[in-house]
Structures are given as structure tokens and as C-alpha cells.
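Enquirer: Taken in sequence, the protein lines are chains B and V. Plus 577 on top of the position in the first sequence (first one is 1) and you've got the numbering used here. Plus 202 on top of the position in the second sequence (first one is 1) and you've got the numbering used here.
If you are wondering where the hints come from, they were derived from the structure by calculation, not from laboratory data. Ideal placement from N, C-alpha and C gives every residue a C-beta, glycine not left out. Honestly, I wouldn't trust all of these hints.
Claimed, not checked - A short list of chain V residues far from chain B (calculated; beta carbon distances all over 12 Å):
# : residue
1 : Ala221
2 : Ile363
3 : Asp520
As the list claims (entries may be wrong) - Here are the simulated DSS-like cross-link-like pairs (lysine-lysine), alpha carbons at most 27 Å apart as the crow flies:
# : chain 1 : residue 1 : chain 2 : residue 2
4 : B       : Lys668    : V       : Lys326
5 : V       : Lys397    : B       : Lys672
6 : B       : Lys742    : B       : Lys672
7 : V       : Lys326    : V       : Lys397
8 : B       : Lys672    : V       : Lys524
9 : B       : Lys668    : B       : Lys747
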Amino acid sequence: MEEILIFGTIQGALLALLALGFSLVYGVGGLLNLAHGAFFLITAYIVYWTIHLLTSIPGLSYYPLVFGIAAVVGLSSVVTIGAVTYLGLMKPLQKSHIGVVLVTFAMAFFFEQFVKFVGDPKTHYIVPVVPGTVTLLGITFPAQLLALVFGSVILVTLVTLFISKSTIGKSIRAVSQDPEAAELVGINTDMVMMTSVMISALLVGFAAVLYAPGNYIAPRIGWGYLLLAFSVTIFGGMGSIPGSILGAYVMGYATTLTDYLISPSFSQIVPLIVILVMLLVRPQGLLGKKRLQ
Amino acid sequence: MMKLQFDWRSRLSRFRVWALSFRGGITLLCLVGLLLVPLTGREYLARIVITAMILTIFAASWDLLAGFAGQVSFGHAAFFGISGYVTAAFVKFVGAPWFLAIFIGTGWAVVFSLLIGIPCLRLKGPYLALGTLAFALILYNLFLTGTWLGGTEGISALPNIGSVFVEFYIMAAFMVASLIIMRAIVDSRLGTILKAIRDDEVGADAAGINTTVYKLVAFMVSGLFAGISGALFVLDITAVNPAVYQPLYSFYAIIMASIGGIATIYGSIVGSFLFTLLSEFLRPLAAASLLIFATLLILIIRFSEEGVMNPFLEHVRDLWDKIRGR
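The following block holds chain V by itself, in its conformation from the complex:
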């Protein structure tokens, strides 16, 4: 009993040290800010933030595969879409509760990531990218031309999870949990092995790492989180159609992850929030909005190769140190 108490207290003091450090402080501040959003009572804002949170998981799952394992996929929409479709089908046709449907949909995404991963792992670089792209496009065309699961129209009119604000907290919980798990994975032994494979595959092979198995594991973990985001996305918009498979979604993940900074996991948060909020704020400009958005995109990619998050944090940290008089 005493021991448990002691452990708890040391955890608490470690948490306090972390919270007062620069990174911890920023993280907590953002988290509190996020949780305060529904209290403003603005449904529109909450809706945008929900979309941003779902896309964060999606971008982070791509970052895990491409940034850490070095396997650049252009077909992440395949995992996103298959999970969304299965979730929608289970909710609509079987009447399963939404949290069960998420698990089933995600399970399918993992199975698919294995199915896509096994043949595609023979490929490297641009060939791997194109192989995964081809898989996603085949799924897109199959669902577009086929008559199963609603054909071209897809499945619509799913029941809502709850009111917007309830949904907000559910999505926030999913996002925070997914990001913590992903960060824990990349900081663990598995993450080190994946980085070794990314940096020097031959070297990793020579060091006795079974690269094929670990690359497949990376594919499956990435598929798992992409599946979660796909299921949440469908539950949020309460409809699904073959458009979820289109390459645009795969590229959204890539763009969001690289705006934030590749191989950071947390960069995806910055990337997807920036991406979603920017496209939403530019909306009043009507036709010019997407043009401005595309121009900004080109400029960001051109001038910040490491993404916007890390350089920005560096500047803030300098400022922080100056304020504290170091």
C-alpha cells in the first residue's frame, strides 16, 4: 500500500517537472485550449475542430509509416476508406453501436494494410508510392463502378453519435490517445528499429533485424490508425461514398504531415489544424480562396523543408529563455 502511494507521488512530481518544461507546458496549454473550445458554445467552430482532429490522426498515421519507417505511401486513402465503409455498413445494415463499428472497421483496415503491404514491400521509393497509389485507385474504381454497399451514392443517413459537443470530446479523446500511443511506439524499441530500417536497410538487415517483418508491422500500425481516423470521419459526417478512396485524401495526409514536419508525429497536429482552419477561414473569399490556399501551400513546401512546427517552436523557446532571463 505504501509502495503504491510512493509510486504515485513520484509520478506526480515527474509530471510536474514535465509540465513546467518548455515542451510539456506548450502541450498542456494546447490541450487545455482544445478542451475549452466547446465551452464557447459555437457549434460551427466545434465542427471545424472535429474535422481537424480526425485528420490529425490520419496525417500522423502517414507520418509513422513514411517519416519513421521510410515507406512512402501514396495510397493511405485505401485504409481510410475501407474502414469508413465497413464502419458505415455495420452501423447502417447490422445496427451495431458506433464504438463497436469503429473496432470492426479498424480491424478491416489492418487486414487490408497486411494485404497491400505484403506485395508492395518488394517495391522501393517511387515504385512503392505508385504501387500503393494503384491499390487505392483500384478500390476507388471498384466502389465507383460496383453496386455493393450503395454503389456510387454510398451509404448515407447514419445516426449521429450525439450532440456536437459530446462528439467533440469523444473525438478529442480518440485523438489524444492515438497520438500518445503513436509517440510511444516511435520512442520504443520498435521505433528505433523502424528508424534503423529507414536510414540503412542493408545495415539493419546485416544487424540481424528481419526488415520484412518490421516493415509489415509498420504498415499494420499505420493502417490501424488510418482506419481509426477513417471510421471517425464517417461517423462525423454520417455518410460515406467512393470519394473517400480518391488520391486527394492520400495527398491531404502527406501535405498535412509535411506542413507540420515529417518524422515528428506531433507535427501532424500543427499541419492539420493549420490546413483545416486556413481552408475554412479563406472560404468567405469564394473562388479566390482555393487559389490563395494553393499558393500558400507552394510557399510553405518551398521555404520550410522541416515543416513549420519545429522552426517556430525554436523561436518561441528562444523567447521563453529570454523572458526567464537565461
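For reference, chain B alone in the conformation it holds in the complex:
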């Protein structure tokens, strides 16, 4: 029981980071960003490469410092990539929704091949920045995962506050409710959408910085994270921020429960079946507001 509680929370924290940005971008602009998983991939690899580069410099041996620099480099790159992707690829194709889907798919494919070409197709390992293990309720797990949970809770709270309180957050909500009316009252909708894509990239970048250390990274991992973000968003409701946070934790506990009760290989199918049932019974998701016309 304790295992389900702890590992479910960890899984939920990861899913919340992944799904929040995905849901935000869909809710604001109706943009289905298939490169979301690729953002995770590229951040993880930039962090890995920067660590590799910095540790070859003789003076730098303090690992947390090296990791910190690498994390800053990775996060700023992914936010830049997000902005460039929006301006260069999504904005011109916004009129046709299938265009955005296609171009972001091509983008994800591009990043996968880029990582393979610049690095190599093998799997790599990033040393966790928080060393050792933690024992909680009689369960021992890597301390890095505790950092993930704390980081996720702080970030999700900050982003939620940002969207509900700040001026930019208010314009984000205005655009998601009615883009034309928002434009009429003088909100720069392109700017708002770019900001939401950047926030989304930042969140998924943080997911990579917090979760990739201690795990193996390979060029193909992007698709798996994309699928997770997808499923949570559908479950919680497309474009609903509280929905995707709630959905992330429910899904986290559900997958952990299946891991323990049935078998880990089966737990990959269960989220998909949940999505399918959800789509058929309540297509707008748990807390989704947008009605289907």
C-alpha cells in the first residue's frame, strides 16, 4: 500500500509536469504539439552534453555546480526552441489544424534524428545530482525522485498562480476563452500563444532536468513522454489546467496500482484503455469545460 502511495505520487508529479504545458498550449491556441516529447528529449541531451563538456575542464569537479550550469543551458535552449518553433512553424500554419500536427510531428522526428546524428544512437546515463537514497514509510527510493516531487509541486503551483494572477496569465485565459474578442480588446494573441508555448517548453524542460538524471536516455524516448502527456490531457480534459493536474495524479496512482496488481507489462495498456473509455463516456475529460458542438 505504501509503495503505491509513494511511487504513485512520484509518477503523478512527473505526469503533472509533462501534461500541464501540453494542455495549456492546446487550450490557448488549439495547437496539438506533437513535438512535446521531443522537447523533453532535447533538454535531456543538452544537459547530458553540457555535463560531458564541462567535466572535461580540469578545474570543474564539483558535480552540483556542473549540473546546475547544464540545467540552465538546457532550460534556456528548450525555451528558445519553443519560441522559434511557434514563430517559425506553428504560427504560419495555424489556420489548418492538421498543418500544426504535421509540422510538429516532423519536428519531433527531426529532433530524434538530430540527437542520433550529433551524438549516437546508444543509451546514456546522467548521474543523479541528488545522491543517495531516502527511506520513507519503510520504502527506500533514490533521493533524486524526492527532488522531482518537490520541484513538480513548486513549479505547478507557480504556473497556476502565474496564470490566475498575473496580467499575462489573464490574457492567456482570455485568449483561451475567445481569441477574437481578446484580439478586439487589444491583446496580442500571437504574443500570448508564444508565451504559452514557452511556458510549456519550460515545464517539460524541468521534467527532463528533474527526471532524466538517474534514468537512461536514448533518442527514441520522446515518443513515450508525448504519449503520457497525451493520455493525461485527454483524461483530465483538453485545455483544463486543474483537470490535467488532477488527471496526472489519478493516472499516476492507477498505473502504479496496475504495476503491483497485474504486471508491469500490462500497465502500458491500462492508460490507453482508460483514455478510450473516457473518450467514449465523457469526451471532454474529467474537468473539461469545452463542450463538443
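The hints should help you fit chain V onto chain B, whose structure is shown.
Expert: Just chain V now, kept in the frame of chain B:
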């Protein structure tokens, strides 16, 4: 007797007019060029073109559903894969001849398209896309984790249809027939109804069209042709494994159809030939090939929203008119 003769002659003259027109001329030229490929005697080239022809049917089947009926599916690999699996199983375990196995496999694909279509038609837009994607992924995982039909390894070592060149003409016949039938469907009354549903579903409903039935018909027709291409694909590579269900195949269909131009059917030919030949010609560049390919893909999608076929044909037509002095 006389009447039959007359009819035949008028058909022939209509054919001649069509063949001399711009579109007809291009089509015939391409068809003759295609049929001449095996005469070069290059087995490698023939193999690539066979793959391109099979993928053409697959992309066109997606185009029929998405371009004409407006139902964007991300799970077309489900139809492709189920038909391939059933075909392989019948050839391998029952010993059925390949042409019979194609029909059985395609039949299963149609049944599956109905099974997927009925629940998914309650969904619209991105929800429909994700629903179909989820179906394909469930099938993928079921076949990957299950032990039936060969489990993870799948079914391999199927008998060959014939020599490469015999296979080439069989595939070419299937492709031409499928494309003509699909084009005839979209030009028929059914096609008009599907376009009406795509453009304004409420309006179509109000005009007395039973939209649910027609959307299901579109799903089944699309599943039928995706099934044919899946069966041919498996017979061509003589093996099948759970990878045929992966989302990548669904996206290949989408990409090929949109490179050529959505809602054209014929655009799929341009798209899939461009796609297959390009990835094959870039192969000598090893690691860089897929990177260049991905970059080209982004550029094509970004800068040609109507696909590459129609704008290109427009330019050629202008040139043609100038040559003829109009």
C-alpha cells in the same frame, strides 16, 4: 451488335480526347513509365517502386477518409496491421493462396473499421484523432505482449508471390485498380455527400443526409483500401511483426498524403513516391540521411500547404500551354 460496336467506338474516341488532354497525357505517361521499370532489369529499383506503390494505396485510403469525409484518423495503422496479420496467418497456418488471403485480410480490416468507427464517430476533431490513435496503440500493445500469432517476433518466412518482376506487375495492377476505384468513389454521389459532411455537418444533417451512416461507410471504404495495402505489404516483405501497428505507420500515411496534397487521391502517388525514393536515395549518406529527410519534411509541410503536386502541375501546364502557343 451494331450498337455495341458504336458504343465501343465512342468510348475509344473519348479515351483519345482524354489522353490528349493535359491531365490524361500526364497520367498515361506516368503509367507507361511505371510499367517500363521492370524492363530495366534492376531488381533493387523494382523493390523500391513496389514499396512506393503499396504505400500509395495506404496514403490514398487515409486521404479518402480525412480529405473527403473530414474524419482525421491517427490510427490507420490498425487497419493496415490487422489485415497484414490475418493475411500472414492464413498463408502460413492455413496454407491459403495469397490472393484468397488478401480478401480475407481485407475483410477483417473492414470489420475492424466498423468496430472502431462506431464508437469513434461520437468524437470530433482532435478527439477523433486521439481515439483512433488509442485503438491502434492498444492493438500494438496487445500483439506485443500477447503470445498469439507469433507474439513479439510475429510471423515470418511466408512464401514469395513470384519473382520480383511478376510481383511488380501484380502490385501495379492492385495500385491502379484501387486508385481508379477510389477516385470513382469520390467523384460519385457518395463522394459529394462525404464532401458535404466534411464542409458542414449540421447543414448536411439538415438536408436529410444520415451523416452517421455515411461516415461509417467512409470508414469502411477507407479501411478496405488500407487493408488491401496492409495485406500487400506483408506479402511483399514476407513477414509481419507487431511493429506494423506502431503510430509511425499512421503518420507515414498522413505525411505522404499531405506532401502530395490532401483531398486529391492522386496526390498520394506523388507523396509516397517522393517519400520512398527520397529516403532511399539519401541512404548512402548514412547517419545524416534521416536528418536531411526530416529537415526536408519540415520545409515541405511549412511552405506548401496544398502539397507539392497541384502547384507543380500548374507550372507544367503553363509551360505546356506556352509550347502549344496558346
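Enquirer: Confirm or reject each hint.
Expert: Verification of the hints:
Every Cβ of chain B is farther than 12 Å from the Cβ of Ala221 (chain V); the closest lies at roughly 35 Å, confirming the non-interface assignment. Ile363 (chain V), annotated as away from the interface, keeps every beta carbon of chain B farther than 12 Å; the closest lies near 32 Å. The beta carbon of Asp520 (chain V) is kept farther than 12 Å from every beta carbon of chain B, the shortest such distance being approximately 26 Å. Of the pairs offered as hints, the one joining Lys668 (chain B) and Lys326 (chain V) holds, with about 23 Å between alpha carbons and a cut-off of 27 Å not exceeded.
Pair hint Lys397 (chain V) plus Lys672 (chain B) holds up; C-alpha atoms about 19 Å apart against a cutoff of 27 Å. Straight-line distance between C-alpha atoms of Lys742 (chain B) and Lys672 (chain B) comes to about 30 Å, which puts the hinted pair past the 27 Å bound. About 16 Å separates the Cα atoms of Lys326 (chain V) and Lys397 (chain V), which keeps this hinted pair within 27 Å; it holds. With a CA separation close to 35 Å, the supplied pair Lys672 (chain B) and Lys524 (chain V) exceeds the 27 Å bound.
The straight-line distance between the Cα atoms of Lys668 (chain B) and Lys747 (chain B) is roughly 21 Å, inside the 27 Å bound, and the hint therefore holds.
Checked against the numbered hints given earlier, this structure breaks hints 6 and 8; the rest are met.
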